[in-house]
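Asker: Here is what each chain is made of, one letter per residue.
Protein chains: 4
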Amino acid sequence: MDYKVADLGLADFGRTEIELAEHEMPGLMAMRERYGAAQPLKGARIAGSLHMTIQTAVLIETLVDLGADVRWATCNIFSTQDHAAAAVVVGRNGGTVENPSGVPVFAWKGETLAEYWDEAEKVFDFTDESGNSVGPNVLLDDGGDITMLVHLGVEFEKAGAVPAQDSTDNEEFKEVLRVLERSLANNPGRWTSIAAEIKGVTEETTTGVHRLYERFKEGSLLFPAINVNDSVTKSKFDNKYGCRHSLVDGINRATDVMIGGKVAVVCGYGDVGKGSAESLRGQGARVIVTEIDPICALQAAMDGYEVKRLESVVDKADIFVTTTGNFNIIRAEHFAQMKNQAIVGNIGHFDNEIDMAGLAKIPGIVKSEIKPQVHQWIFPDGKKIIVLSEGRLLNLGNATGHPSFVMSNSFTNQVLAQIEVFTKTEQYPVGVYVLPKHLDEEVARLHLDALGVELTELTQEQADYIGVEVSGPYKPEHYRY
Amino acid sequence: MDYKVADLGLADFGRTEIELAEHEMPGLMAMRERYGAAQPLKGARIAGSLHMTIQTAVLIETLVDLGADVRWATCNIFSTQDHAAAAVVVGRNGGTVENPSGVPVFAWKGETLAEYWDEAEKVFDFTDESGNSVGPNVLLDDGGDITMLVHLGVEFEKAGAVPAQDSTDNEEFKEVLRVLERSLANNPGRWTSIAAEIKGVTEETTTGVHRLYERFKEGSLLFPAINVNDSVTKSKFDNKYGCRHSLVDGINRATDVMIGGKVAVVCGYGDVGKGSAESLRGQGARVIVTEIDPICALQAAMDGYEVKRLESVVDKADIFVTTTGNFNIIRAEHFAQMKNQAIVGNIGHFDNEIDMAGLAKIPGIVKSEIKPQVHQWIFPDGKKIIVLSEGRLLNLGNATGHPSFVMSNSFTNQVLAQIEVFTKTEQYPVGVYVLPKHLDEEVARLHLDALGVELTELTQEQADYIGVEVSGPYKPEHYRY
Amino acid sequence: MDYKVADLGLADFGRTEIELAEHEMPGLMAMRERYGAAQPLKGARIAGSLHMTIQTAVLIETLVDLGADVRWATCNIFSTQDHAAAAVVVGRNGGTVENPSGVPVFAWKGETLAEYWDEAEKVFDFTDESGNSVGPNVLLDDGGDITMLVHLGVEFEKAGAVPAQDSTDNEEFKEVLRVLERSLANNPGRWTSIAAEIKGVTEETTTGVHRLYERFKEGSLLFPAINVNDSVTKSKFDNKYGCRHSLVDGINRATDVMIGGKVAVVCGYGDVGKGSAESLRGQGARVIVTEIDPICALQAAMDGYEVKRLESVVDKADIFVTTTGNFNIIRAEHFAQMKNQAIVGNIGHFDNEIDMAGLAKIPGIVKSEIKPQVHQWIFPDGKKIIVLSEGRLLNLGNATGHPSFVMSNSFTNQVLAQIEVFTKTEQYPVGVYVLPKHLDEEVARLHLDALGVELTELTQEQADYIGVEVSGPYKPEHYRY
Amino acid sequence: MDYKVADLGLADFGRTEIELAEHEMPGLMAMRERYGAAQPLKGARIAGSLHMTIQTAVLIETLVDLGADVRWATCNIFSTQDHAAAAVVVGRNGGTVENPSGVPVFAWKGETLAEYWDEAEKVFDFTDESGNSVGPNVLLDDGGDITMLVHLGVEFEKAGAVPAQDSTDNEEFKEVLRVLERSLANNPGRWTSIAAEIKGVTEETTTGVHRLYERFKEGSLLFPAINVNDSVTKSKFDNKYGCRHSLVDGINRATDVMIGGKVAVVCGYGDVGKGSAESLRGQGARVIVTEIDPICALQAAMDGYEVKRLESVVDKADIFVTTTGNFNIIRAEHFAQMKNQAIVGNIGHFDNEIDMAGLAKIPGIVKSEIKPQVHQWIFPDGKKIIVLSEGRLLNLGNATGHPSFVMSNSFTNQVLAQIEVFTKTEQYPVGVYVLPKHLDEEVARLHLDALGVELTELTQEQADYIGVEVSGPYKPEHYRY
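Chains as they are written, first to last, in this note's numbering: chain G, 19 to 499; chain Y, 19 to 499; chain U, 19 to 499; chain D, 19 to 499.
Please keep in mind that the hints were generated in silico from the structure rather than gathered at the bench.
For each residue, glycine too, the CB sits at the ideal point set by N, CA and C.
Hints may contain errors.
[Said to hold, decoys possible] Each pair of labels, with its calculated beta carbon distance range:
hint	chain 1	residue 1	chain 2	residue 2	range
1	G	494	U	376	46 to 52 Å
2	G	477	Y	30	37 to 43 Å
3	G	498	Y	57	46 to 52 Å
[Claimed, not checked] Dumping the calculated EDC-like pairs for lysine to aspartate or glutamate here, alpha-carbon to alpha-carbon at most 20 Å:
hint	chain 1	residue 1	chain 2	residue 2
4	Y	235	G	487
5	D	334	G	467
6	G	402	D	408
7	G	176	G	189
8	Y	176	Y	215
9	Y	176	Y	139
10	U	176	U	199
11	Y	334	G	472
12	D	22	D	139
13	U	235	D	329
14	G	22	G	116
15	G	442	G	215
16	U	402	Y	215
17	U	389	Y	215
18	Y	493	G	215
19	U	127	U	146
20	Y	334	D	467
21	U	334	Y	467
Taking the hints into account, I'd like the entire structure generated from these sequences.
Answerer: Pasting the structure below:
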């Protein structure tokens with residue numbers, strides 16, 4: 019079996035943690051129970067790119083249990099849990115370190131950018147039952163990197179050439195170009211034939227979804243996409259409650275600094291920002307919010323937070339967290355004004371929310387590692403700023419990401435979305451879709467028992483009165499929860 | 019001037035309160051400043067049916083300042099603030115009790131159902147500049163009562179007859195039939211000609227909106243409707259933050275019972291339920307939620323609330339609040355199991371969330387007034403249950419409703435919606451619409467200064483990066499806030 | 019029967035409210051049940067001076083049920099609930115408006131300062147069983163006014179003269195001098211003989227207790243005092259949870275202004291300040307605390323509040339609340355800098371926390387009543403400041419004070435303290451005492467059932483392990499809760 | 019230099035962390051600045067027994083900077099941070115791994131009980147300037163172990179014999195007896211002479227303080243003790259805010275289980291319980307409290323928590339935390355009823371809050387390590403219970419203990435207490451003392467700047483009005499904060 023992970027010896031520990039996580043992921047367990055016999059993903063070749071954590075391991079093995087052939091890479095160079103990767107590779111049912119029987123994984127904690135894109139490419143190398151090289155027929159993406167690889171591949175193949183690496187300043191994009199150049203050299207029609215086979219992609223996160231809508235708007239989208247991010251049970255749970263959990267967890271593990279009594283700035287008050295602000299307030303911090311959207315700004319004010327421009331408070335705060343999904347939020351001029359030992363981290367999707375490049379260019383600044391994923395940036399005058407996970411996702415880099423229970427919601431949506439796009443292909447012409455509301459409600463329903471929730475049932479009269487079915491869906495499409 | 023209110027002598031007090039409220043309603047004040055000269059509502063004859071409170075007075079006078087001719091009734095028999103009604107009638111600019119110069123209002127606190135529908139009918143009696151009787155050309159509705167009057171009027175006129183009053187058990191609907199029967203007797207084409215003139219209705223609340231969508235679905239909607247309720251700055255502010263304010267205010271004024279330490283059941287965890295639960299928790303109550311929708315139930319659990327069926331907790335709780343928009347939520351069998359001196363109230367739209375009729379039919383039960391809008395229902399065994407506002411909206415019946423600031427958001431949406439539907443008639447064929455997002459954001463923006471909020475501005479690069487204009491709108495349509 | 023109240027006709031309404039309150043005052047009901055037969059207060063003549071509210075009515079009637087003869091005045095000119103006073107005077111057991119049979123009360127809402135002190139004096143005029151004029155033998159005081167009357171009376175009688183009224187600038191103290199001068203003229207030994215009969219005083223509040231410790235330190239205390247305020251079940255419940263309830267209640271009833279999103283300054287972070295800050299935060303306000311004590315300031319910071327000097331924030335806040343027990347906290351120079359329509363109120367004990375006199379002296383300022391207990395102070399430039407209850411206790415002046423349940427804790431302490439000081443006189447030489455901890459725990463215990471609390475019982479082994487009795491007390495004296 | 023730690027190679031990492039912690043410990047830094055020159059601890063030989071963490075390293079080096087000679091052991095076998103121990107041994111000012119120049123430390127993570135007591139004994143082996151063996155002249159203790167060693171040593175020396183190890187069932191006490199038996203064999207007067215030199219002990223925690231009061235009551239206390247635990251800036255900060263921080267931190271690091279939506283039982287609602295409940299609620303858990311003290315139970319109810327007996331909820335909860343300071347709180351019969359994968363941990367002082375011995379004796383139960391300090395206990399039917407840190411302090415065993423800022427408060431009290439007891443020996447006859455309130459306030463004051471707090475200053479008039487000095491102390495001794 020081909021794979022590339024840090025150390026298969028971690029598989030036993032990974033397996034123990036996977037078993038613990040399964041208890042916390044009732045939605046995925048229900049998927050196995052409900053669909054295990056029917057094998058709805060039989061024939062699916064799923065190329066996945068999503069943080070290779072313990073929770074993702076439960077997702078991967080659920081996809082396998084539903085019949086799929088799966089290959090996996092991570093979507094973030096720091097977020098891989100090496101024991102999770104190892105356990106997935108070794109597999110269940112008699113797989114061993116010597117003779118692994120699980121799913122090919124291409125991920126380890128701390129990849130370089132070059133390695134990241136080399137490994138990403140490998141999730142496209144399936145072998146069919148006859149032993150032929152084939153591509154995937156479904157993608158499962160987080161942030162859109164492998165979706166981009168296919169789209170750029172097709173675009174460059176059509177153009178007959180890949181732009182030169184020095185056509186871009188972006189270090190990461192240079193690697194993308196390098197990988198595609200190599201690919202075109204080897205096989206100038208590869209991505210075009212891969213794209214033709216893909217029934218669709220299910221995309222996990224805001225940033226990736228945004229890219230998909232852009233492509234669809236400009237007419238360049240190559241296959242249908244299901245926007246998992248905007249299922250209520252994803253966006254309102256993973257983004258909000260997941261970050262409530264993992265933000266303070268990440269800060270604590272990274273710094274051990276008391277959050278209570280501190281002034282914390284949360285940039286952005288979308289779902290991630292809402293969960294982040296609650297997380298910090300729950301620990302006794304005084305939270306200040308920055309926002310560009312007047313509606314979210316008003317929500318923050320009504321929730322009791324001070325709402326200011328970053329410039330107005332940058333010299334008074336102790337902790338800074340970006341949650342915007344935008345870029346260049348915290349810049350060199352902000353770092354220059356921060357207090358000594360201010361802590362700066364990002365829980366939005368990309369590392370460019372914090373201008374790390376700008377920070378590195380401050381004359382005389384020195385970067386010093388305190389421990390992995392925690393660095394001091396020391397100014398010439400001795401002032402130190404602590405930056406978490408080099409500006410990448412701190413909850414994944416400094417802690418273990420969202421907890422299993424909340425990921426069970428997101429990932430049950432993923433499984434349902436994979437089934438939709440793979441089995442009902444004709445219902446999904448090229449476009450971007452959210453899952454129908456009754457599936458969204460079903461995901462929620464599968465997680466209630468574990469919390470001891472008793473759900474009230476509508477009487478037929480009550481259902482008629484509000485014009486819904488007794489079994490739902492209960493709300494109009496535009497309902498905001 | 020024709021009007022019917024409790025006591026014009028209250029006008030001075032009402033005017034003082036209106037002036038205080040204006041300070042808290044920056045959105046409406048901005049409307050006056052921005053549009054006062056242009057008079058976009060010149061020629062509009064607005065028939066309004068919405069709680070006749072101080073805040074509504076500021077709305078009415080804003081509509082007048084924008085050029086409209088206005089007539090007003092309430093949408094709830096208990097919610098009128100008599101001093102507000104008086105002040106609106108007396109008016110500004112030299113109006114006096116002897117010689118009122120304001121807007122005709124037909125509302126007083128404590129109307130009977132018969133009076134309510136008699137007065138509702140009067141908002142349709144406009145006089146044009148030549149002194150002719152005409153109908154309104156725009157409706158502004160809350161709950162859909164005057165919209166229903168028009169629709170039923172047209173329907174019965176088409177049928178040539180009104181059903182007999184004893185065709186219904188519903189006490190209130192008997193009154194509707196009575197009013198329409200009288201109308202048809204006088205003028206069998208009246209509603210049909212009124213309907214023909216109406217450019218549209220702007221509807222304030224969930225329940226009314228629901229009725230509009232139903233009508234539109236079944237093809238019976240007669241004119242376009244703007245769903246003000248589902249503007250984010252309405253549904254997420256008025257419903258949630260307004261109820262957070264006014265729920266405990268209503269309970270406190272009604273009962274003076276300490277909420278801290280008590281067990282409170284909130285039926286429903288929509289926006290109203292979310293605000294209600296937060297209101298009670300903020301006072302130290304332990305809140306239990308009931309829900310039918312698994313998504314909202316899961317939200318309640320993640321927010322730390324116990325989620326149970328009413329039957330499981332009805333004998334252990336001290337306070338019960340319905341917020342569902344559905345009916346028959348708290349029924350006679352529930353009352354029978356409650357603790358002595360349990361407090362029961364409704365903050366959803368209609369009084370049938372609590373089955374008051376069923377309560378009254380319990381053998382041997384006696385109703386005793388503690389003070390206006392607060393009653394004890396005494397069981398034969400001496401057990402007493404305290405019911406607020408006879409099951410109608412307790413925040414309006416027992417307190418003063420939502421506070422001005424939150425209503426300024428809702429009502430600024432109303433003003434913008436009135437302008438849309440009146441001035442851009444051709445853009446709104448029959449259907450149900452929400453306001454475009456940029457207007458929603460504008461409403462929010464008009465309320466930030468008052469709270470000392472500093473809004474961050476996108477750079478052009480950042481706007482490009484996320485694919486929006488620097489000036490917004492900032493979010494996709496499906497965004498849930 | 020002698021009494022002086024607003025209107026006995028309110029007695030029926032008062033009685034209904036008293037019965038409702040009894041349900042919320044399980045501690046006092048338990049006192050009646052436990053001690054009703056034994057009549058431990060038989061022979062006690064209790065002179066009381068404490069806000070004449072519904073809750074106090076339940077206290078008074080509990081004292082009567084335990085055998086006491088009681089006379090009552092209020093301790094605050096605005097706090098009397100007239101229906102409560104009326105009901106207490108009319109009494110139970112067949113008392114009527116024509117022929118009242120209850121307890122003599124001398125209090126009505128809105129007394130002048132002169133009336134206040136005239137009425138305060140009347141609680142000393144008992145008649146014994148033989149019909150002779152006698153004084154009280156126990157005092158129950160709130161703030162120390164009647165205790166002061168006795169002490170000053172004795173002092174002036176010893177001196178043979180009362181200082182001239184113009185020896186003081188303090189308007190209120192002039193009235194004290196007037197009353198005592200009249201008394202000395204009538205009976206130059208009256209207070210001396212009254213004092214000789216008094217077995218002790220039980221004092222309700224911080225301010226009164228402070229005065230008692232001062233007197234004791236300087237050697238002038240004339241009889242023993244029980245400091246009820248510092249029972250845990252008083253100071254940590256009434257002060258904190260009572261104010262959490264009644265602060266927002268008072269602001270809401272007075273102003274109807276939305277608290278959510280506003281900036282509120284709470285001056286002082288003692289128990290009253292802690293409850294006040296929580297009250298406002300629970301409604302979504304952003305709370306800023308001012309403090310002089312570094313320990314309380316650090317607590318406020320750790321609880322997530324901004325801590326600033328008033329001067330730094332006075333021009334940015336919307337709501338100001340004083341809770342300090344000190345004086346001259348908000349002064350004319352502060353008012354001058356406040357925003358238009360800022361709301362200012364006091365929930366500490368005395369009205370001098372806010373310098374009302376200084377406010378009134380601002381050149382050109384005009385005071386205008388919005389409604390009773392709510393005034394606008396209009397500056398020459400048109401700026402308006404809203405002052406609640408003329409700077410007196412806003413929770414009593416604008417709402418109904420602390421709710422019954424929390425007062426049941428305080429007042430059960432009062433009853434136990436009255437029994438202690440009346441029946442165990444010899445155990446209390448002149449001094450200031452707190453109730454023994456087992457009584458404090460008993461008060462708490464009597465309130466648990468009503469909240470559905472299950473108390474865990476220590477095993478004998480566990481009790482031995484921590485060195486306490488199974489039945490308590492459980493904590494060392496210095497424990498802070 | 020003698021020492022015994024895990025690995026001196028960790029010293030560099032420890033030093034980096036110590037420097038970060040110094041920023042968060044402004045109180046200790048202020049001590050160094052204020053007293054560094056005066057050297058008030060010159061001549062002090064301090065034997066310390068307190069968790070050997072990074073924060074303790076800052077304390078130790080502060081004591082050294084004030085002139086003391088120090089030897090250190092831990093007070094808990096799991097709590098040592100090996101890099102902290104290493105850094106303290108290597109020291110500053112040119113110490114190296116090869117040639118350490120710091121303070122002798124005898125502690126590593128994961129000692130056996132036998133090792134623990136062997137190392138504890140070594141803190142008594144000082145060498146004076148002439149090179150003679152001497153004992154300490156001050157103790158700094160946490161939990162009272164080294165204080166007990168001295169007292170039992172003296173007692174057994176007086177008796178001339180140590181009881182046989184099999185006279186006790188307690189595994190740990192067997193080790194105490196072993197160590198003392200060895201000591202008496204070597205030097206039968208050692209402890210008696212050590213005790214004679216000791217000027218006093220400063221004790222950190224509730225449990226240790228409780229033992230001291232017991233000894234003082236029974237007349238066996240050998241030297242004065244300062245109760246640091248009951249300084250407000252310790253008990254109300256370390257216990258409450260420290261646990262608010264470190265409880266969720268410990269649970270997160272140990273289990274990665276989502277706390278939001280879960281049911282958590284907190285046994286005990288003292289300061290530790292209050293902080294723990296807030297910690298869990300801040301993450302969205304529904305918290306149920308158990309209590310034996312009716313006052314604390316009532317506080318919990320008023321704070322909105324359900325209060326139940328453990329038996330009533332043990333089968334419904336997901337997380338259990340003991341905070342009582344008592345023993346046998348969670349017993350075998352409770353474990354038997356818990357849900358699968360319930361999480362059980364202790365944040366009180368001793369590991370006997372959870373009956374680990376009873377758990378181990380359940381027939382057929384199997385203990386399996388998930389990772390260090392996290393074990394599954396697998397019942398014969400397959401049910402698994404997760405126990406953290408083997409029942410010892412989970413915040414130290416599973417996370418890094420209280421954060422620096424809160425420990426700065428506690429440890430600044432320790433430094434002040436060491437100075438008191440060492441320099442003012444004559445003012446402290448044998449007894450148990452708390453620090454005077456002005457020192458408590460000073461500790462708070464030293465921590466305000468770091469949080470941006472502006473402290474208000476009393477005017478002289480205001481100070482006079484409430485009868486305090488402008489500079490404090492501000493509250494009576496009995497004040498509870």
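Asker: Are any of the numbered hints broken by this structure? If so, which, sorted upward?
Answerer: Going through the list in order, the structure violates hints 1, 2, 3, 6, 7, 13, 16, 17, 18, 19 and 20 and respects the others.
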